[in-house]
Amino acid sequence: MKLFEKKIHIGVDYEIAFTHISARKTQTFVVSLAVAIGIAAFIFLNSLVIGFNRSSDESFFKVMPHIRIFMDDKISMPLLQDDTDQYTSVIVNPKITNNSKKLINPEKIAEQLKSKEYVLTAAPWLNINLFYNNGISQLNGSSSGVNILEANTLFDIKSTMVEGDMNQLLSTPNGIILGVGIAENLNIRLNDNISIVSSLGIIKVMKVVGFFKTSNSVVDKTKSYINLSIAQQLMAQGPDYLTDIYIKIKNPNDAPKYISDLETLSGYNAESWQTANESAQATKKTRAVMMGSISFIILIVAAFTIYNIINMTVKQKLHDIAILKAQGFASKSVVKIFISEALIIGILGTIGGMMLGAFLIKILSKVYIGGDIGYFPIQVEPKIMLMGLFVGLLVTLIAGYIPARGAAKVDPISIFRN
Amino acid sequence: MKTILKTENITKFFYSPVEFKALNNIAFEVQQGEFLSIIGKSGCGKSTLLYMLSTMDTEYEGRIYLDEQLLTGLKQDKLARLRNSSIGFVFQFHYLLPEFSCLKNIMIPALKLGKYSREEIEFRAYEKLKLLELEEQALKPASKLSGGQQQRIAIARALINEPKIIMCDEPTGNLDSKNSKIVLDIFKQISKDFNQTIITVTHDIDFAKASDRVIEMQDGEIINQNLKF
Ligand SMILES: Nc1ncnc2c1ncn2[C@@H]1O[C@H](COP(=O)(O)OP(=O)(O)O)[C@@H](O)[C@H]1O
Ligand SMILES: [Mg+2]
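Protein sequences appear in the order of chains A and B. With the first sequence counted from 1, adding 104 to any position gets you my numbering. With the second sequence counted from 1, adding 10 to any position gets you my numbering.
For the record, the hints were derived by calculation from the structure and aren't laboratory data. Some clues are possibly wrong.
Stated by the list, open to error - Cross-link-like lysine-lysine pairs, in silico, DSSO-like; alpha carbons within 27 Å at most:
| # | chain 1 | residue 1 | chain 2 | residue 2 |
| --- | --- | --- | --- | --- |
| 1 | A | K419 | B | K150 |
| 2 | B | K154 | A | K129 |
| 3 | A | K389 | A | K513 |
| 4 | A | K513 | B | K88 |
| 5 | A | K436 | B | K125 |
| 6 | A | K436 | B | K174 |
| 7 | B | K150 | A | K129 |
| 8 | A | K354 | A | K262 |
| 9 | A | K389 | A | K466 |
What the hints assert, rightly or not - One side only, chain B facing chain A, incomplete, derived with CB under 10 Å:
| # | residue |
| --- | --- |
| 10 | S57 |
| 11 | S64 |
| 12 | F99 |
| 13 | L106 |
| 14 | M117 |
| 15 | L123 |
| 16 | F133 |
Keep in mind that this is a model prediction, so the values were computed, not measured. C-beta atoms are modelled at their ideal positions from N, C-alpha and C, and glycine is treated no differently.
Same shape as in the complex, but just chain B:
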């Protein structure tokens, strides 16, 4: 087993409208290939934590390591490159680019990375579409798909650069139970088959039950590193 993500005493303050400690001494580790859920009441700081782990928020105390590399203190451009190559995102909303086809949406992060030729990237994007059973939708504009399909396209996009970690903030929050189940199955599959790490914030109990480990948060602190149901 290999530690892919590690935090040391993460503390976060917000200063407006009033000074407020959103996170207090968050310390945990995530293993490679682990499917980790974070649960807790609304407002307890789950999203705030995720934004830090994902390098988008750099204003915090403490340290974060990704695959043994210290992220804390790196320059914005460097962090952008790391996000591009090593972290995939799925949000509650899909945030697909409406003018582009589904295929193009998936290809964009890979085109930015520039590791493969355009043809290779297109081929890989089709592979991801197949994985998510959406290859028929490839050339449709993203805006023409149903909500569940759009979220699956967003997942394919998060997977395209084969990131070390996929981070999700309530990925099924907008989906019906059928679509939620599809998304959950995909996540289980990629953590098992591809040994990719998944960290997901969720309110969905089924989702939490299916994951390898559940962290419970309350008022900006971790109150349970391995919640059992």
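In isolation and in its complexed conformation, chain A is listed as follows:
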């Protein structure tokens, strides 16, 4: 019985709110539209930020791992170290020491790293600089000595292959997979031979087993993959020699958390992609702040339109509020009436805004930019949609509550006296 009573109470407050709103349809529509535009802008701009960030991360992850284990450069120390302040070191020749990049017993380290539950892949890596020669043509570039299967789990090389078979590198010790840009510039076809020269002057003749094409034309013009053992030979080193271990983890955003753990485990330096890609991180922040403040301002404007119409309604309805209170409507009923009016407008506007936002995103995602970007990097983000809904309702509640509270404070006597 009590429950039933309560239900009817809610009913009449809503009914009054609804009648007020439907008595002014045009105004409701205009204000809802303003809210819709605000929410659409919020959703659109924030989806844009996510889209851009994702596309820049993706293009970064095509060439760089989530975490890289390496030996940092060491600066040579004075030969005569003195612990007192009395003498100055006499033999000082600070420079990068030789052999500094070598990792000792890398296979074992890689195994240990793989045993961590958050590590998906730990791939031994040997990056070298070299020249590609074909006849008299010569190109400067770099090559990664890898186990191609492990490299594939990191960078999905298979999907970038345009000709040849990635797996052939396994059966062809002196095989090489070239970026398409190199092939074009040196006029090389599949199964041709190409000679490469390392910085130590060691020459190897390689067999081209495939071509890849990434969205980054610089990579395509310089980069190749070879077997790890060939890379070690090019550096005149034994099977222990590596420059890096590339690590892929489950959640890239967690990379910084694992750095110290990985450093202790491996005994070498570890670097997260966030650190390696600092400038992009700064760009991301700038983008977030910029779009964030624009959408914030738009939301404020939307909130203000709601505030304004509810405030105006309250001002026009002072007599109604007074008589309702005289008839026994408590303050919280009055608040409920005007909050409901705000909510009707806000819900209409928010849902309209979500649809409008999704529509804009769909249109823009069909726009082809070309170059390294391809299609405009934006898509409907469920998370942002939900945030739009949440923000829309929150803004409505705040913008409605202020005038609604004012209405609840109306003193009926002062209205009746006039």
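Could you slot chain B with the ligands onto chain A? The hints should help.
Frame of chain A, contents of chain B with the ligands only:
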């Protein structure tokens, strides 16, 4: 006879623009079913008193009892519920909600009370409309009626929850003599037939003459508890 309303030494001060004693030691009783008029010169404190009796003004000294319950000191929400269930109002102006039909205007206090189902409330609202000979106007918007009709709708609204007391502040102040007579007849009828109590502030001598008892006020005090004409 049963005392439905009782005041003990009501004193009221206003503090702005200057300190001013609007009511001084008001003490009186009202019996159930009584049709009581309060008269007095403009500014003597009649409305101020009525706002207190009706629980809308809670800032006063003294005590007020409604049907033996002490109203003084009750919380606002509780007072709102009491107003809803036990007190009906008629003002000089009708204060109908313009977007609603006459029927809805009458139903709203009952919907708030929630004692009956919606169908039952609608039925009761029609009964009140019949009593006031307005059933043809039921579905018209309140703003489309004449002044006299609007005031009768306001009376029907005051009656819908069958309150113990109906309080009126110059209910015929805006009406011509014909409409005033209709309103007066209704009041006489409801106090006789339904044993409901009516307290009305009025300037209308005919109105005062027709009531069971007349209280006369002057400068914030009751100078006569039972004025005879
Ligand atoms: N809110 C107020 N502030 C100050 N003085 C008031 C206020 N309301 C009423 N008064 C004064 O109290 C006195 C009684 O007013 P009121 O009760 O309205 O008189 P009546 O209804 O008998 O004409 C008047 O002198 C009026 O000016
Ligand atoms: Mg008055």
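Hint check:
no.: 1; hint: A:K419 - B:K150; result: holds, 25 Å
no.: 2; hint: B:K154 - A:K129; result: holds, 21 Å
no.: 3; hint: A:K389 - A:K513; result: violated, 44 Å
no.: 4; hint: A:K513 - B:K88; result: holds, 16 Å
no.: 5; hint: A:K436 - B:K125; result: holds, 20 Å
no.: 6; hint: A:K436 - B:K174; result: holds, 25 Å
no.: 7; hint: B:K150 - A:K129; result: holds, 20 Å
no.: 8; hint: A:K354 - A:K262; result: holds, 20 Å
no.: 9; hint: A:K389 - A:K466; result: holds, 25 Å
no.: 10; hint: S57; result: holds, 7 Å
no.: 11; hint: S64; result: holds, 7 Å
no.: 12; hint: F99; result: holds, 5 Å
no.: 13; hint: L106; result: holds, 8 Å
no.: 14; hint: M117; result: holds, 9 Å
no.: 15; hint: L123; result: holds, 7 Å
no.: 16; hint: F133; result: violated, 16 Å
Hints 3 and 16 from the earlier list are contradicted by this structure; the remaining hints agree with it.
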